[in-house]
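For what it's worth, this note's numbering labels the leading residue of the sequence shown as 19, then goes sequentially.
These are calculated hints, taken from the structure and not from any lab test.
The structure displayed is predicted, hence computed values, not measured ones.
Please note that a few of the clues may not be correct.
To be verified - Cβ-Cβ distance ranges computed for the label pairs, FRET-style:
| hint | residue 1 | residue 2 | range |
| --- | --- | --- | --- |
| 1 | 66 | 39 | 43 to 53 Å |
| 2 | 40 | 71 | 40 to 50 Å |
| 3 | 69 | 45 | 21 to 31 Å |
| 4 | 69 | 36 | 25 to 35 Å |
| 5 | 26 | 62 | 40 to 50 Å |
| 6 | 43 | 67 | 26 to 36 Å |
| 7 | 24 | 64 | 39 to 49 Å |
| 8 | 65 | 36 | 29 to 39 Å |
| 9 | 67 | 46 | 22 to 32 Å |
| 10 | 56 | 33 | 32 to 42 Å |
| 11 | 64 | 33 | 25 to 35 Å |
| 12 | 48 | 25 | 28 to 38 Å |
| 13 | 37 | 63 | 40 to 50 Å |
Note that beta-carbon positions come from the ideal geometry of N, C-alpha and C, so glycine has one too.
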Amino acid sequence: MDDAAERPIPNTEAAGPVSEAVAGAILSIDLGAIRENYRRLKARAGSAHCAGVVKADGYGLGAEIDAQD
19 MDDAAERPIP NTEAAGPVSE AVAGAILSID LGAIRENYRR LKARAGSAHC AGVVKADGYG
79 LGAEIDAQD
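Model the full assembly from the supplied sequences, consistent with the hints where possible.
This is the structure we're talking about:
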């Protein structure tokens, strides 16, 4: 039996955009929804500090997200 968890994952980057047909899926991030969720949490946090976190490199997707508040 082939144990996929033990196989190395190739680290390759596309030269440009990849179609959904090739990728099998497309990730869409609604930055407006993220901002609104942050504002709502911040409003409910009272005197507690509130911060948003996005894992480094957009979860390995090479994503660049500019965050402002």
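Going down the list of hints, with the structure as the test:
no., hint, result
1, 66 x 39: 43 to 53 Å, "46 Å, holds"
2, 40 x 71: 40 to 50 Å, "30 Å, violated"
3, 69 x 45: 21 to 31 Å, "23 Å, holds"
4, 69 x 36: 25 to 35 Å, "32 Å, holds"
5, 26 x 62: 40 to 50 Å, "43 Å, holds"
6, 43 x 67: 26 to 36 Å, "35 Å, holds"
7, 24 x 64: 39 to 49 Å, "47 Å, holds"
8, 65 x 36: 29 to 39 Å, "46 Å, violated"
9, 67 x 46: 22 to 32 Å, "29 Å, holds"
10, 56 x 33: 32 to 42 Å, "34 Å, holds"
11, 64 x 33: 25 to 35 Å, "49 Å, violated"
12, 48 x 25: 28 to 38 Å, "33 Å, holds"
13, 37 x 63: 40 to 50 Å, "41 Å, holds"
The structure shown violates the earlier hints numbered 2, 8 and 11.
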